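Number of protein chains: 4
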Amino acid sequence: MEKNRLEAFSDGVLAIIITIMVLEMKVPHGADIAALKPVLPVFLSYALSFVYVGIYWNNHHHLIKAVRKVNGAMMWANLHLLFWLSLFPFVTGWAGENQFTTAPTALYGAVLLLAAIAYKILQSIIIAAEGCDSKIAVAIGRDSKGWVSPALYAAAIALAFFLPWLSGCIYVFVALLWLIPDRRIERIVDESQ
Amino acid sequence: MEKNRLEAFSDGVLAIIITIMVLEMKVPHGADIAALKPVLPVFLSYALSFVYVGIYWNNHHHLIKAVRKVNGAMMWANLHLLFWLSLFPFVTGWAGENQFTTAPTALYGAVLLLAAIAYKILQSIIIAAEGCDSKIAVAIGRDSKGWVSPALYAAAIALAFFLPWLSGCIYVFVALLWLIPDRRIERIVDESQ
Amino acid sequence: MEKNRLEAFSDGVLAIIITIMVLEMKVPHGADIAALKPVLPVFLSYALSFVYVGIYWNNHHHLIKAVRKVNGAMMWANLHLLFWLSLFPFVTGWAGENQFTTAPTALYGAVLLLAAIAYKILQSIIIAAEGCDSKIAVAIGRDSKGWVSPALYAAAIALAFFLPWLSGCIYVFVALLWLIPDRRIERIVDESQ
Amino acid sequence: MEKNRLEAFSDGVLAIIITIMVLEMKVPHGADIAALKPVLPVFLSYALSFVYVGIYWNNHHHLIKAVRKVNGAMMWANLHLLFWLSLFPFVTGWAGENQFTTAPTALYGAVLLLAAIAYKILQSIIIAAEGCDSKIAVAIGRDSKGWVSPALYAAAIALAFFLPWLSGCIYVFVALLWLIPDRRIERIVDESQ
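Chains as they are written, first to last, in our numbering: chain A, 1 to 193; chain B, 1 to 193; chain C, 1 to 193; chain D, 1 to 193.
Be aware that one or more of the hints could be misleading.
Because identical chains cannot be distinguished in the list, a pair is counted as satisfied if it fits within a single copy or across any two copies.
To be verified - As a list, the in silico DSBU-like pairs of lysine-lysine whose alpha-carbon atoms are at most 30 Å apart: (1) K120 - K69; (2) K145 - K135; (3) K135 - K37; (4) K26 - K135; (5) K26 - K3; (6) K26 - K69; (7) K26 - K145; (8) K37 - K69; (9) K135 - K69; (10) K135 - K120; (11) K120 - K3; (12) K65 - K145; (13) K3 - K145.
What the hints contain is simulated information worked out from the structure, not anything from laboratory work. Please read these numbers as outputs of a predicted model, since none were measured by experiment.
Let the sequences and hints guide you as you build the complete structure.
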């Protein structure tokens, strides 16, 4: 039951984050197609962030499914993750409005990096609680994607000071990498059922 | 359990979309009835979009009810549908503020069309997973409404460049068409219980 | 199960309405107590609307609890109710910013009246489905509060053109009338358990 | 079942409060790091309020878990608590934008104080309903933290007129005090299972 409420609260926060991001796309005053031009980069950054929140929801779903008993550390690690994800609307709006120039691109990457670290902390706390030979620990395994993405975010932040458009490409690339859902967990959980 | 969380997340996103749309109706500064005049078209487009989101929620509800096991493809097809629906507040605000002139009317239709296509994709993935002789496949049948509405949206988009008010009428007409809930599924599901 | 999703969706919409209303209280630019002065009437109208949404949530909760099987008519009657409730943030902001002068006060009453009518329609559809001798029909009985409040709202709308402050008092009075939860239903449902 | 809906509604409202607070961090127009400078104090007040809402969610979760039967008084005491919590986005924005000067700092403390009192009322109503020797009554015990924090908030409000930065420190200190979850209840509930 405790777990249900953790899931319900996280679903609520993620649903709101994914939806209020669209409020950063301000309705233009003009009535012709040209009026949409400044909205386009915000739309693209919105679409990218939408995919990222979708990925987090998807993986969060699989991760929490593996939890048998929620403890206080998990609750706070989960809130910590939600905190960084809640900054997505802000960085999405800033990056979109400034067409992924240096500072907004670096900040976008920083929030992605901090959210990735928060996810890793939550994952570690859950594995620690469930045991090293639990289904979830085996399923995650070496977690190569979980290590590669923070490294790529860090690289993209540094790169933003020289070639911000390349940083943007890295963010899109990492999103595509994760779009393949976390089948590792899914597979092992399914097998054991 | 997986299915519950998919429903809860979709319900959350749809509930937020339907509610934050009202924020596009900006509170007027004046205190007399005349101050409401510019708000009226936004109110009408809000009411139309409210009905559309209500229709999607209703049909989504019946569709997901027929799913026995959620897979990764369904999750992403569902997020894809929510993405287009999440653009409703933006296009509703733009169409309302510009009183359904050409560009906003065409964009409104484009988002309706893309949402309809996304719904069809989700429906196909669910039917593919459940089997061609499953209750849901039989219930949907030839899906005439599901084919007629995208065709009407496409026609309305083209028409928006000549007679945008007629496009608006088409959007209202399709909404009325769907207000009759998807009794096909409801009936067959009920019969088999 | 159907019923759960109707409740979840309604809870979501009501939770969002009650929360985004606070966004109509714009953060003032000044840093002294005097800067709060224009916010005060918005705060008071926010508090009143918060109580109204709380009342609707409370009564809605008892009403839906009595439903055994959700049908299409109930779903749409429920969405119809949520539509009028979703206009609360708009009328609350307008009435608050203009300190309950004539037009905003009348509109506030009109939305209260339309929501009350929508609630009555939902209630009638549920009673019709459950039968005249069902627990819910007996519990509601003559429904004097359900008839008195729309009459008072209508009177307050008319009065707004002469003594808008008295209309405001009527809205506060009706809220107090309903703050006493719908014990009729609660009592009878409890007895029969 | 009643309890589930109370939890679902409260989770919804808390999830929305915690998420819309981020909308007070307005996206800056400039594209360089310097443009973030005025956003920084709003970010810090956002982080503090995020922790407070997280604490309330956490403790609320443990408190409601101990309830066996929800009554009308609990529902209204719960809505009363949500009312004061719903003012967090407003006071967070005002305190952040004015860098915790006198008036915003005092108001921030006032809302914290009123929310703390509302929580105490809810707690008392639940203990009264469950009985003085119930698990929850024993778990809460003398409730030293529940008495110390309102006293500290009151002190901080008075102090805001002389040393507002010290009031800010007190708010941070009380948050840290509560970050340690309410293990009293957790422990006793766990033991008895």
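Hints, one by one, checked against the model:
When the C-alpha separation of K120 and K69 is checked against a cutoff of 30 Å, the pair qualifies both within a copy, at 19 Å, and between copies, at 28 Å. With identical chains, the CA atoms of K145 and K135 are at most 30 Å apart within one copy only, with a shortest distance of 18 Å there and 39 Å across copies. Neither within a single protomer nor between protomers do K135 and K37 lie at most 30 Å apart by alpha-carbon distance, with minima of 49 Å and 46 Å respectively. Taking identical chains as interchangeable, the C-alpha atoms of K26 and K135 are never at most 30 Å apart, the minima being 46 Å within one chain and 43 Å between chains.
Taking the shortest Cα distances, K26 and K3 never come within 30 Å of each other, neither inside one copy (37 Å) nor across copies (34 Å). With identical chains, the CA atoms of K26 and K69 are never at most 30 Å apart, being 43 Å at best within one copy and 39 Å at best between copies. Taking identical chains as interchangeable, the C-alpha atoms of K26 and K145 are never at most 30 Å apart, the minima being 35 Å within one chain and 33 Å between chains. Taking the shortest alpha-carbon separations for K37 and K69, neither the intra-copy value of 50 Å nor the inter-copy value of 42 Å comes in at or below 30 Å.
For a Cα distance limit of 30 Å, the shortest separation of K135 from K69 qualifies both inside one copy, at 14 Å, and across copies, at 21 Å. Taking the shortest alpha-carbon separations for K135 and K120, only the intra-copy value of 17 Å comes in at or below 30 Å, while the best inter-copy value is 36 Å. Taking identical chains as interchangeable, the C-alpha atoms of K120 and K3 lie at most 30 Å apart whether they share a chain (19 Å) or sit on different chains (25 Å). In this assembly of identical chains, the alpha carbons of K65 and K145 lie at most 30 Å apart only when taken from the same copy (20 Å versus 34 Å across copies).
When the C-alpha separation of K3 and K145 is checked against a cutoff of 30 Å, the pair qualifies both within a copy, at 26 Å, and between copies, at 26 Å.
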